[in-house]
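Q: If you want the building blocks of each chain, they are given just below.
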Amino acid sequence: MVASGAALGVGRRPWPRVTWQRSYTAALLAVTLLALDVVFSGGTFSGIQALGITNDALPLALAAAGETFVVLTNGIDLSVGGVITLANVLAAALAQHGLGNEGVVAAVALGGFAGLVNGLVISYARIAPLIATLATGSIFVGLALVVLPLPGGAVAGWLPGATTGSLGAVPVSAVWLGLMLVGGWALLRRSQFGVNVQALGGSEPASWSAGIKVVRVRTAAYVASGVCAALAGVVLNGLTQSGDPTIGAPYLLDTIAAVVIGGTSLAGGVGTIVGSVLGAVVLSLVSAVLLVSGLSTNLQYVISGGIVIGVLLVQMQLWRLRGATGARPRRAARGGGGGKL
Amino acid sequence: MSSRRRSYVRPVEVGTPYALVVLALVGGAITIPRFLSSGHLDSMSATAAYIGIIAIGQTIVLLLGGIDLSIPYVLNLAAVLLTGLGASGLSGGGSLAVVLGVGLGAGLVNGLGVAVLDVPPLVMTLGMNSVLQGVSLMYTGGSPVGTAPGFVTTLSTGVDGIPYVDMLWAGLVVAVTFALVFTRFGRSVYSIGANRRASELCGLPVRRTLVVAYALSGLSAALGGALLAGYSGQAYLGMGDNYLLPSIAVVVIGGTSILGGKGSYVQTVAGAMLITIIESALLTIGQAGQDVLYGSVILFMAYFNQVTTSASRQRARLTWGEIKAFRGWLEPVPRPGESVAPEREPAVPS
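Protein chains in written order, with my numbering: chain A, 121 to 461; chain B, 69 to 418.
If we strip away everything but chain B, and leave its shape as in the complex, we get:
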C-alpha cells in the first residue's frame, strides 16, 4: 500500500448534501415559525436518528454494489420479538439480546446466500423478507402483544431532555465511519464495490466482507426495529414496510452510488437529516404529499449527484482538491489525469 491512503470519498460529494441540509434548515426557519426551536430540533433529530441507524447496513451493502430488501421484516420481526418476549417473561436485556441476535442471524443468512451461493442480492433479500414476514405473522398470530422494555423506551425517547437515541446515533456514526475508512473491512467494501473481480484477484476476502456487510445490515435493521418499538411502546405488523424506501432513499440522497464503490456513511447521515427536515417542514401535506415528495427528492438528488459526479468531476476536483482541512480520511486529491475510482458506466447497466 502506498504511503498515502486513497479514498473513494470526495469532499465535494460529502459537502453537497450538508450544504443542502443547511439550506433546508434556513428555508424552514424563514417560512415556519419556531422551526429551529429546541423542541422541534429534538424531534427532528430523533426521527433522523431512527432512519439513519436503519440505513447503516443499507449504506454498506449498497457500497458493495448489493442491496438489502429484507429490512422491512427484519425490522418488524425485531419489534414484535422485543415486545413479545417481554410479555412471555424474558428480561428486557435478554429480549434485546435475542432481537439483535435474530437480526444478525437473518443478515448472516442473506450474506451467506449472496457470498457463498452466489444468489443475486435482490432475490436473496427479497426471499428473506418474505420468509421473515411469515415468521413474524406466525409468531404474533396476527396481533403482537406486550410492550417494549423500559430501558429501550428510555433509550428511544430520552429522559429529561437528554436524547439518548441521538447520542447512540452519533456514536454509531463515528464507529461506522471509522470502520469504513480505517479498517481492512471498510477498505475491502469500497474495493469490492468498485470492482469485485479485481478485488478477488488482489486477494481481498470478498466473500467474508460480503457476509459481514449483510450481517451488519440485519443487525442495524433489528436495532432500528427495537428502537422504533421502544419509541411507540408497542409493536405492530407492517411497521417495517414504511422503511424500505427511506432506507434506500437516504443513501441515494446522500450521494452514495447504488452501483457500489462510491459514497460514505457520513453522506447517508446528511441524507437522513435532509429528508427529515423537508418532511417536517411540509408536515401538513399528508401521506399523499409525502409519497410524492420522497419520490421527487430521490429523483432530483439522484440526478443531481449523477451530474455532479460525472460531468463536473474535473472542475470539482480543481476547486476542492487542495483544501487542506479535508485531508486525512477524506484524502482523494489525485494528480491531474489520475483517476481515483475506476470509471464506471454511470447509470446504464451494460
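This is chain A alone, in the form it adopts within the complex:
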C-alpha cells in the first residue's frame, strides 16, 4: 500500500497511477476543512489555532487508533469511553498524592488490563463484543466514580508540557499525531500482529486454518485498544490538568465516528490507523471551522453526523464502482443478519 499520507500535500500524481485508498476520503476532508479554517480566519493560520486543533484531536486520535485494531478484527469496543475516564481519574487522583509518574504508568497498565478483560470475556464467555464492551464500559465508569467522585485531582508536572506544549512553532500534539500516522502504518502493514489482525477480520475460519492464534490475536487487539484509550485518558489529564469522571462519555461514539470517517470497514478486515487518526483530525477541524466562521457551534453535531453517514455512503459507492475485484461479497461481508453493526 502507498503511504496514505501522500494525499496530504505531496505533489499530485496523474490519476491513473493513484489507486484510491480508503483513508483518502478523510485526508481530503481534512485538507478541505483546513482550507476553510484558513479562509474563515481571514487568510491566516496562527500557531494558536494549530495548537487548538491538534490538542483537541490527540486524545480522540489515540482512542480511535486503538479502536481500529478491534474494528479490524470485526469486533467493536464500546468501553473506550469508560477506559478513558478510568485512566483519566486514576492518573489525576494519584498525581494529587504526589505520585504523578506512577499514576501515568498505573493508568496505562489498567487500560491494558481492561482490554485484557474485554478480550477474554469475548473470547471465552462468547458474549458478542457489542454487549460485552458496553457492559464492561459501564463497570469502568462506575469504578472511575469510586476513584474520583467529583472533578478534581492534579497532574504530573511534565505531562502538560508533553501533551499540550510547543516545540518552537510546532505543537507537541502535532508531533504525536505525526508519529501515530507513521507508527500506525508500520504496525498494520509491516508487523506480523497487524497482518494477523486484518486476516482475523477478513475471515476467522480462514485465519484459524492458516494457523493464526485467533484468541490471542483478538485479545491482543482489545488490549491495544485499552492501552490506547488509557493513553487518551492520560493525555486528557495533561490537557485539563485535572481529572473528571464524566470526561470519557463523548468518546464512546466519537471514536467510532473517527474510525468510520477514516474508512475502516465495520465488517472488519479492511482499514487503516492512518485513516482513523485523520478521522479524528477531521472531527476536531469541524468544531474549529465552526468556531472561526461564527456559525452556531451547535451545528457541529449535525455536521459531524452528516459527515459520518456521508463518508460511508461515498465509500460504499466507490466500493461498488470498483466491482468485484478484490472485494468480498457485500452481503456476506456483513453477515446474514443484515449486519450486526
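Derived from the structure by calculation, the hints contain no laboratory data. It cannot be assumed that every hint is accurate.
Chain B side only, calculated, beta carbon under 10 Å to chain A, not exhaustive [what the hints assert, rightly or not]:
| # | residue |
| --- | --- |
| 1 | Gly202 |
| 2 | Gly226 |
| 3 | Ser325 |
| 4 | Gly363 |
A virtual CB, placed ideally from N, CA and C, is assigned to each residue, including glycine.
Let chain A serve as the given structure and place chain B on it in line with the hints.
A: Same frame as chain A, but now just chain B:
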C-alpha cells in the same frame, strides 16, 4: 406455510427472566422492609414502564440484527419539543402529535438509510444521534423552556393511584407481542433476523420491514421522551444519555439475541422489570454502584443466556417442549433433530 406456526420463541427462554424477576422480588421482600408495599411497587412499575416503552423499538431492531443508537437524542428532542412547543403556544395534543411525528420521521430516515442505502445500522443511527443532538441544541439554544402538557403529566404520573403509564405499557405489550407473533411484519422480523439473505430469496419484504422497524423505534423513543418530560414536568438536555445503555441492557437481559432472530418483547418486559427491581433494591449504592451493577448484570445475563441457549438447548427442549399450556403462540416443540431457528455462531462474528 405449514398448518402449525413455527416460533423462534422458546418457553424456557421466556420463563427464565420471569423466574429471576420473582426471585428478585422475593429477595427484596426478605431483605428490605416494605419492599412489596403498594407504593413501592407502583413506583417500580412506573420506572419499568418508561424503560420498557423505550425498549420496544430497540427490541424489534435487535431482533432484526440491527441496532438503534439514536435513542438518546430522539428521546431528548421529543422531550424538549414537547415542552418547547407548549411554551410557544401549541396545544398539548398538537405538540404530542408533532413530537411523535418527529420521532417517527427520525426513525424513518434511519430505516431508509439502513434498508435502501445499505448503511450499517450502527453508523446510520450513530450519525442520526449526532444530528439530532445538534438539532436539540439549536432548538433549545442550550436551555429548554416550558413545561409538559397537563394530560401528558397525568398519563405519566397517574392520578389518584391509577397508574395510567402502566396501563399504557400493558396495552403496548399486548399490541407489540401480537404484531411480532401474528402479523406478516412480525414473522418477517424474525425471519430477516435469522437470515436476511434467505428471507430475501423467499420474497419477504426485507427493506419495508427494516424501514418499519426503525420507524417504530423512533416512535417508541419519542413516546418515552414525552412520558419522561411529563414525569418531571420539564425537559433538560442530556436526559436521553442515560437511556441508551438501559435500552439495550433490558433487551439483552431478557435473553433476546443481539445477532437477531431470537427473542421476544415479552422477554424484554421481564428484563425491564428485573433491572428495575435490582436497581431499586440497591438504591443506596449511588451512581457508581449503579453503573457497575448495570455492567455486571448485563455480562452475567448475556453469559447465562448464551449458555442456556447453546449448551443445554437439547435438554431444555425435552424438559419444556411438551408443556401444553405454552402451546399456541409460544409453540416451538420441534421434533428431535429438527432445528427451529437456523443455527448461528453464538458470539464470534465470522
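Q: Does glycine 202 of chain B pass the interface check with chain A, least Cβ-Cβ distance below 10 Å?
A: holds (3 Å)
Q: With chain A as the partner, please determine if glycine 226 of chain B meets the hint condition of a C-beta pair closer than 10 Å.
A: Not OK, violated: glycine 226 of chain B not within 10 Å of chain A, min 30 Å.
Q: Does serine 325 of chain B pass the interface hint, meaning its C-beta sits closer than 10 Å to a C-beta of chain A?
A: holds (8 Å)
Q: Once the shortest beta carbon distance from glycine 363 of chain B to chain A is found, is it less than 10 Å?
A: At 4 Å from the nearest chain A Cβ, glycine 363 of chain B passes the 10 Å test, so the hint holds.
The earlier numbered hint that this structure contradicts is number 2, and it is the only one.
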